[in-house]
Amino acid sequence: MEIKPPIPQVPAPIWRNIKDLQEWEQLRQRRPEDDKHSSLFESVTEGIHSFPGGYVVTTVADSFLNWARKSSVWPVTFGLACCAIEMMATFASRFDVERLGMVPWASPRHSDLMVVSGTVTIKMAPMLERIYDQMPDPKWAVSMGSCANSGGPFRHGYHVVKGVDRVIPVDVYVPGCPPPPESLLNGLLLLQDQIAHFRRTGKRAAPNPKVD
Amino acid sequence: MTREQAKTLIGERFTSAQVEGDSPTSAEATAGRPAPAEATADKPLVVTLPVGQWLPFAQFAKATLGCRFFSFSSAVDWKERGLEVVARIENLDDGVSVTMKTRLGPGVSACPSLVPVFRGANWMERECYDMFGIRFEGHPDLRRILLGDDWEGHPLLKSYAVDTPHPPYR
Chain A
79 MEIKPPIPQV
89 PAPIWRNIKD
99 LQEWEQLRQR
109 RPEDDKHSSL
119 FESVTEGIHS
129 FPGGYVVTTV
139 ADSFLNWARK
149 SSVWPVTFGL
159 ACCAIEMMAT
169 FASRFDVERL
179 GMVPWASPRH
189 SDLMVVSGTV
199 TIKMAPMLER
209 IYDQMPDPKW
219 AVSMGSCANS
229 GGPFRHGYHV
239 VKGVDRVIPV
249 DVYVPGCPPP
259 PESLLNGLLL
269 LQDQIAHFRR
279 TGKRAAPNPK
289 VD
Chain B
21 MTREQAKTLI
31 GERFTSAQVE
41 GDSPTSAEAT
51 AGRPAPAEAT
61 ADKPLVVTLP
71 VGQWLPFAQF
81 AKATLGCRFF
91 SFSSAVDWKE
101 RGLEVVARIE
111 NLDDGVSVTM
121 KTRLGPGVSA
131 CPSLVPVFRG
141 ANWMERECYD
151 MFGIRFEGHP
161 DLRRILLGDD
171 WEGHPLLKSY
181 AVDTPHPPYR
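First to last, the protein sequences are chains A and B. The first sequence runs 79 to 290 under the working numbering. The second sequence runs 21 to 190 under the working numbering.
Some clues are possibly wrong.
Said to hold, decoys possible - Which residues of chain B face chain A? A partial, calculated answer using Cβ under 10 Å:
no., residue
1, Leu162
2, Leu166
3, Pro175
4, Ser179
5, Val182
Unchecked claim - Computed far set for chain B versus chain A, every beta-carbon distance over 10 Å:
no., residue
6, Thr28
7, Gln73
8, Arg108
9, Gly168
These aren't lab readings, by the way, just hints derived from the structure by calculation. We treat Cβ as the ideally placed atom computed from N, Cα and C, and that holds for glycine.
Between the sequences and the hints, there should be enough to build the whole structure, so can you do that?
Put into structure tokens, the structure is as follows:
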């Protein structure tokens, strides 16, 4: 009996072969085509569209699904640095994100959101990417704090990834060092706003302007 | 074992070592008057050794001076003048602390390990190897401790470029 290796041997794009940093970042930001919906969902939607007035039905269904998604965004509990303390304060009783339908969940398999809270080191980046890959679609990511946005005060250090968007696609950037719970809460509300505007084309809303 | 006794013992046993303690410049810095005895008592003895006496001095300090506590170990990169290894060992009972220093010379990265004498030096020397690339001879398990196993170079060396590409994240 053959024992399969635990890590699938996918040939990853190699940094040395890519000269342009912009090209590399676009490569990392690329999302799969069936990011949002399954092919079954697609075919059912196409069938509905063949009837007159079908678009009304899909739009209403889209709104309902988006409402359901944005009302139950479960963040995976994944703390990296001091920003994680503020994240915990946001999840705790004073700010109470559970009234927004967010339950901090201790498993990436049941989560929809990853709050990258803190400095991403080069040693941690593969693990972060792996946890993100373990989350089921649709999934979102919030980059919290200057370190996760751009490297922050450690940008010129030898061991820091200069922005977590070089590792995973990011939807909302929350500035601050660290951002207080109010800032993170505002970022989460922005994310809910983005989720509410998804359409069945699978395109995401553009991320909000990046602030270091 | 007082500080002065330790200083005398080191001077007798290691003649080629250079011992600094209460330097007059630091005493003058305290408002022109001689420093009180309490101020100099806590200062470490700074012993500068040749590389060959690094391990014998550690054995001597542990056996004779009673320095059984290994506080830390680190290194300094003096560019073209070479690397300098620093270690602090302390006698916690009598309050005597000794800072050991040795210059490895330009282009040399080999140094005797203190692990046979102090077990606590193990991880410190691994970190020192990780950051400065100093090969500690006689170390039982010399590999990287903080950085990933696939890291190239030693980042705290002055010759290390910060923007060295590290695939695939930088």
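A quick look at each hint next to the structure:
no. : hint   : in the structure
1   : Leu162 : violated (19 Å)
2   : Leu166 : holds (8 Å)
3   : Pro175 : holds (4 Å)
4   : Ser179 : violated (13 Å)
5   : Val182 : holds (5 Å)
6   : Thr28  : holds (44 Å)
7   : Gln73  : holds (34 Å)
8   : Arg108 : holds (25 Å)
9   : Gly168 : violated (5 Å)
Violated hints, in rising order: 1, 4, 9; the structure is consistent with all others.
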